[in-house]
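Trainee: The residues making up each chain are set out below.
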Amino acid sequence: MTRVLVPLAILEGESVSSGLSTLLGPMDVTVLGYHVLPEQTPPDQARLQYEDRATAALDDLVAEFEAAGGHADHRLVFTHDREQTVDRVAAETAADAYAIPGVTGPVDRLLVTVTGDVAVDRICSFVAELVGDREIGVTLFLATDDEAGGRESIEAAGERLSEHGIDVETELAVDEPPFEALIDAATDHDAIVMGERAPSLRSLIFGEEAERVASESVGPVLVVREDPAGASERGDRPSDTT
Amino acid sequence: MGDTSPAGGTNVEGESPQVEATIETDEATITDDAELERTLGLSGGLAIGIGTMIGAGIFVFPGLAAGEAGPAAAASFAIGALVALLVALPTSELATAMPKSGGGYYYISRALGTLAGTVVGLSLWFGLVFATAFYLVGFGYYAVDTLAELGVAVGDGLVIPLALLFGAGFTVLNVTGTENAAKLQNGIVALLLSILVFFLGYGGLDAVGLIGEPSAPEQFAPFGTVSVLTTAALVFTSYLGFAQVATVAGEMKNPGRNLPLAMVGSVLVVGVLYVAAIFVATSAFGSEQLAGFGETAMVEVGRHYLGAAGAFAIVFGGLLATMSSANASVLSTSRAIYAVSKDALLPRRASHINLRYGTPHVALGMAGGPILVLVATGRVELLAEVASFLHLVMYGLICVALLVLRRNEPEWYDPDFRVPGYPVVPILGALTSFALIGFMQRASQLIGLAIMLATAGWYAYYARDVTLKGVLQ
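Quick mapping for you: the protein sequence lines, in order, are chains A and B.
Sequential numbering of the first sequence, starting at 1, is according to our numbering.
Sequential numbering of the second sequence, starting at 1001, is according to our numbering.
Treat the hints loosely; a few may be bogus.
[Stated by the list, open to error] Some, not all, of what chain B presents toward chain A, calculated at C-beta under 7 Å:
hint	residue
1	HIS1304
2	LEU1331
3	ARG1335
Hints listed in this document are in silico derivations from the structure and should not be mistaken for laboratory results.
The beta-carbon is built from N, C-alpha and C at its ideal position, and this holds for glycine as well.
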């Protein structure tokens, strides 16, 4: 079964839109309620005060996902460092993807970008499982500077999805700034699926790409994580030093 | 590790200790319904330890210590380092067995019971308050010197007002500021270490090269051996920071490895720097002259070796160092208060977190208020010694706690780090800690004792019926 992690700043009232909980219906969902504390505050101190309220909110969310037909559970973490917490819980639950909630109504069409580091195969099989036999269309998107090679790989991916009976379109952005092209393409779609990116200088300066996509596109973004087995080979596992 | 005797009893207000079974992993503490992320790495732990200690030892004490012990002040600092090391090792073992916020208080209350726990926990609060006040007064001297270097001579009259202003400022910033200053603290400590290594390296070479120059060789210990020991008692405040690492033990990643490294490592680093600083300082000036320069003697030492640039680097370093010492110990104080209030030794509302900023404003206020009162007294040596007194009592008892736990190891006692040289190290640690108290000024001893008696009185009134011995949360 495929697991999606949904991290939410639970005590700041972050929640999921009905469109997202329906979209994630066929998946196993772990709702990660987290609360980021300033360094003046020991996490345990915050837990004593907020645990009950946060747990109640999480129970409600889990019920919402289950009402949409999915299997859901929750974790609650008090932390000083959001990113570290999401990485750790994603690794512990062996989540295949995580969600940035965003706002959307019913999802009719997904934009799936295969630009990036995560293998196209992995993204496609995630999308196939996500869509299942539902009436959700998929637009495959690739930004590249190699037109012929790009077309070939995106067509191949499109065929694989069509075999599952999914309505697929493809969109190739050649020699365009990838980020802007993706945001442009996102306008007619209700949610975005993308692969996670290894940290880079760019992400250090502008913030993580997925976060930027989410804030530009408003709708939910599902980020497919690197295959844990493949990632450890490349030394991508979250390190525990400093 | 949950199967321990239940926490018992209630305090006068009917609150009982909040105790829950937890599972500790390298990355988080897992309770029944929630997880607490461990986010501090080794460098963060070292930054807390070194950042808290370095301000006092390098930037405030050299002049005062040289005035009292002559060049042998270097030996006083070395003695301090030895005592600190003898305590840091047992503390490391206990910290890896119980990686919880609260540090020394936690181990003592669990090993020796509620009375010892209350006395140590509340004394730690006051000890940190005295220490913070001391750092702030040191900061005041550097602030005045900075103004003087910039050509604004305001005189020492402004030391206390400036210290008060910044003390209040830190408290307010800690209540309202949600920016993550930890990274800043790491940067400040790295910068300070670079300044010091460069300066002490240069000064050290210079001092060694100057041997045989006309500067009359001074007698090593002109005021005798006892003065070396009393000075060691005075400057011990320069070694309090490693125990503050233990107050954030609950937030340390991979505590089994990082806690011992951060505690022992920070003591070793600052110990070497202190001895080098005294050597360099007493090589530059006679100890009498150094004493005359007072709290900011190192600025003149900087000027002696590197001219105006050296003086400026030291003034700047002193400002940063005393600031980071003060800020780090305000945070430790609030954690110390939280630890005792969680165990129902203080009213629960002391650890309340405000909704707007997510900060423990009551505890921070209980730190900041008394700090300002003490800063207003401006008595540097007294503040330093009372801080050391209250910490040394805790250090001695930490060693006793280790001995007690090792004698009949409870089932839950499973430290990742075991102290080498058991039982000699903890026994020596306890004896030297208590002995050092004996070399303090009478006034400091009396104030320290009065505070401990008052905390024992609080126990009798407030928390007599609370049971903590052997209770793990």
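Trainee: Hint by hint, note whether the structure agrees.
Mentor: Tested hints:
1. HIS1304: 38 Å, violated
2. LEU1331: 6 Å, holds
3. ARG1335: 6 Å, holds
The structure fails to meet hint 1 from the earlier list, while all remaining hints are met.
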